[in-house]
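The task is simple: from the sequences and hints, build the whole structure.
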Amino acid sequence: MLRFALKRAVAAVLVLFAISVLVFLIFFATPGADPAARIAGRNASQETLQQVRESFGFDKPLPVQYALMMRHLFIDRDLTSFVNRGVEVIPQIKQAIPITLSLVIGAAIIWMFFGILMGVAATAGRGSAVDPLIMIIGVIGVSLPVYWLGEVVNLMTQSRLHDSFFSWVPPLGYAPLSSGVWNWASHLIMPWMTLAVLYAGIYARVLRSEMVGAMNEEYVRMARAKGISERRVLWRHAFRTSLIAIVSLFGLDFGALIGGAALLSEVVFGLQGVGKLTYDSLQNFDLPVILGCVMYAAFFVVLANFLVDLVYALLDPRVRHV
Amino acid sequence: MSEPLLDVRDLRVSFRTRNGKVAAVDGISFQVGVGEVVGLVGESGSGKSVSMLSVLRLIDNPNCVVEGEVLFKGRDLLTMSDAEMRKIRGDEIAMIFQDPMTALTPVYTAGWHISEQIRAHEKVSKQAAMDRAVQLLDSVGIPNAKERVNSYPHEFSGGMRQRVVIAMALSCNPSLLIADEPTTALDVTIQAQILELLQNLQSDFGSSIVIITHDMGVVSQVSDRVMVMYGGRLVESGPRRDVMRDPLHPYTWGLMGSIPPTDGTRTPRLAAIPGAPISPSDPDRDRCLFSPRCRFASDACRPTPLLAMHTPGHMDACILPLAERPERRREALTPVEVTL
Chain D
4 MLRFALKRAV AAVLVLFAIS VLVFLIFFAT PGADPAARIA GRNASQETLQ
54 QVRESFGFDK PLPVQYALMM RHLFIDRDLT SFVNRGVEVI PQIKQAIPIT
104 LSLVIGAAII WMFFGILMGV AATAGRGSAV DPLIMIIGVI GVSLPVYWLG
154 EVVNLMTQSR LHDSFFSWVP PLGYAPLSSG VWNWASHLIM PWMTLAVLYA
204 GIYARVLRSE MVGAMNEEYV RMARAKGISE RRVLWRHAFR TSLIAIVSLF
254 GLDFGALIGG AALLSEVVFG LQGVGKLTYD SLQNFDLPVI LGCVMYAAFF
304 VVLANFLVDL VYALLDPRVR HV
Chain P
1227 MSEPLLDVRD LRVSFRTRNG KVAAVDGISF QVGVGEVVGL VGESGSGKSV
1277 SMLSVLRLID NPNCVVEGEV LFKGRDLLTM SDAEMRKIRG DEIAMIFQDP
1327 MTALTPVYTA GWHISEQIRA HEKVSKQAAM DRAVQLLDSV GIPNAKERVN
1377 SYPHEFSGGM RQRVVIAMAL SCNPSLLIAD EPTTALDVTI QAQILELLQN
1427 LQSDFGSSIV IITHDMGVVS QVSDRVMVMY GGRLVESGPR RDVMRDPLHP
1477 YTWGLMGSIP PTDGTRTPRL AAIPGAPISP SDPDRDRCLF SPRCRFASDA
1527 CRPTPLLAMH TPGHMDACIL PLAERPERRR EALTPVEVTL
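Same order as they appear, the protein sequences are chains D and P. For what it's worth, the numbering used here labels the leading residue of the first sequence as 4, then goes sequentially. For what it's worth, the numbering used here labels the leading residue of the second sequence as 1227, then goes sequentially.
The set of hints was computed from the structure by calculation and includes no laboratory data. We treat Cβ as the ideally placed atom computed from N, Cα and C, and that holds for glycine. It is possible that some hints are incorrect.
Facing chain P, according to a computed beta carbon distance under 10 Å, are these residues of chain D, among others [claimed, not checked]:
1) Gly130
2) Val223
3) Arg224
4) Arg227
5) Ala228
6) Ala241
7) Thr244
8) Leu246
9) Asp319
Listed next, the stretches of chain P that the computed footprint assigns to chain D, with coverage defined by at least 3 CB atoms under 8 Å from CB atoms of chain D [to be verified]:
10) 1280–1293
11) 1316–1325
12) 1342–1348
Restraint-style ranges between C-beta atoms, simulated for each label pair [as the list claims (entries may be wrong)]:
13) Ser232(D) - Val1414(P): 37 to 43 Å
14) Ser232(D) - Asp1525(P): 53 to 59 Å
15) Ser1429(P) - Ser232(D): 32 to 38 Å
16) Ser1270(P) - Val18(D): 48 to 54 Å
17) Ser232(D) - Ser1351(P): 15 to 21 Å
18) Leu9(D) - Glu1348(P): 37 to 43 Å
Structure representation (structure tokens):
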């Protein structure tokens, strides 16, 4: 198991390195691009341009440029967007990270809980009205676009029902955890729910189809023949083997959401997270921020996949020896 | 005969389908005595697995209807509550399935599987259950049981996995073991080992065994009594020696004729049973169901011939006069010219 983890960790680091090279090449070695002008910002003076060229080594060969870039990004951490205006990149990302993490982790807990509950309940209720009912609820969840659902939620909680039922809902935006747990959570409950609705539907459906498949397997019949309770058959045998599919799906979704795919939720609920930051920087063509965000996103996607690989190996003994 | 361990009376298993009710098992009655090994033989779809699965009430198809009586130690399994049934499953009646590759949940160790079963029926500590698992694995001939108890199913070969399944089935000393084609998925040398193992265990533990198979060789090797099923009905039943030496029913002749003889002159062609097994949805049921494929069929084959006892314990359901049978059997073994 330890060797497996080590191997995976090395692979993850290599992937990160490859991504950083690729991202660097896309932005800095594309023919016709002048990264110095981009980094210096609009209407920058010749001196600033010169200074940027020197500090990023744009007159030197590409590998040196890459090394200098990574140094600015990770060691000196002084990468600045629009040098002449002087907004540093790293603090912006640092500010955005807790917002996105809070949003996505909270939503993930909710959707995993309801997804699993619905999937297992639907499997247990096969042959009755429970199963199709849960699956229809799942489809409805999947088909509601986050931006629309989010706006409807806002309409209800911020305006129509704000004076009565939803009076406890604070205005849109984010409150850090340090300002009190309830203050933090109350700002996020509606975004969490909204984001979780989509994924709970998907997970419930995937889990149900996996489990129904497992229920037809011989090991489930064997388990019944052993005289254990139906509930134990359902959870310890059918669910346990179906969990593997859910976890690999979760790794992909979670990584992507942390990496900025939660953009729509962030916009609708006024959360200045990583998705929003990336989006804004793309609008301004703010090269250093884009670079920083992409590296950050890649880091989390790779980290999430690494963790999933570990969980996967814990769940499925067949994977450990590969 | 003293009180039988299992007494099945007029068991009927049918499935509701779009085209009406389909009878997979069509009124079979049989008994299994204490310590007896019974071989249940038949083609695919003859209802042999379904009948034994319904004994344990393991068919979870909501369209399945089971009728009749299944008396186990005098109690009717079919009218029992689910909770009572669970106490019997795995504890008093254990089952082994055909494919050892898929019979174990892939994410748990051999020891986990065995101790799960033990702890479902007895109040023992995890450690005690694990210790018993080691003993059981050892007794079914798994080398190095102490280490193998922590192995996962994918780390065992097919034959070893079937041994694990058998160890699990025996973990609560069941009085009846139902083995559904336990050797079909294994290669021939392993088959022999598993059969020998079952026999040894039978003599050690004293359990009765019902072994379901389509392989006459398996039956002749292990069973005390043979029951032949066709189209969901019993067509012949008797002590192994009688059935093997002196089979009565034309269907049994066909089954035996399709075993290549290992001595004497080599037959140029094995006698095959013409036609295809009767479909359970065939509406014309008031007749001998084998008659469409039988060369000795006549108008006398309807209505359904009843099982009739010929020699003590040996019965069959066929209208052919007993005196004619040896000759008819020789006739049956000469292959028919197949015109295509």
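For each hint, the structure was consulted:
1. Gly130: Since the shortest Cβ distance to chain P is 5 Å, the answer is holds.
2. Val223: Val223(D) check passes; min Cβ-Cβ to chain P is 8 Å, inside 10 Å.
3. Arg224: holds, 6 Å
4. Arg227: holds, 6 Å
5. Ala228: holds, 4 Å
6. Ala241: Holds. Min distance 9 Å.
7. Thr244: holds, 6 Å
8. Leu246: The hint holds - Leu246(D) has a Cβ within 10 Å of chain P, the shortest such distance being about 9 Å.
9. Asp319: Hint on Asp319(D): holds, closest Cβ of chain P at ~6 Å, below 10 Å.
10. 1280–1293: Since three or more residues must qualify, the claim that chain D covers the segment 1280–1293 of chain P holds, with 4 doing so at under 8 Å.
11. 1316–1325: Satisfied; 7 residues make the cut.
12. 1342–1348: holds (count 4)
13. Ser232(D) - Val1414(P): 37 to 43 Å: With a Cβ separation near 39 Å, Ser232(D) and Val1414(P) satisfy 37 to 43 Å, so the hint holds.
14. Ser232(D) - Asp1525(P): 53 to 59 Å: With a Cβ separation near 54 Å, Ser232(D) and Asp1525(P) satisfy 53 to 59 Å, so the hint holds.
15. Ser1429(P) - Ser232(D): 32 to 38 Å: Holds, since Ser1429(P) and Ser232(D) (Cβ atoms, about 33 Å apart) stay within the stated range.
16. Ser1270(P) - Val18(D): 48 to 54 Å: Hint holds: Cβ distance 50 Å, inside 48 to 54 Å.
17. Ser232(D) - Ser1351(P): 15 to 21 Å: Holds - the Cβ-Cβ distance for Ser232(D) and Ser1351(P), about 20 Å, lies within 15 to 21 Å.
18. Leu9(D) - Glu1348(P): 37 to 43 Å: Since Leu9(D) and Glu1348(P) have Cβ atoms about 42 Å apart, the given range 37 to 43 Å holds.
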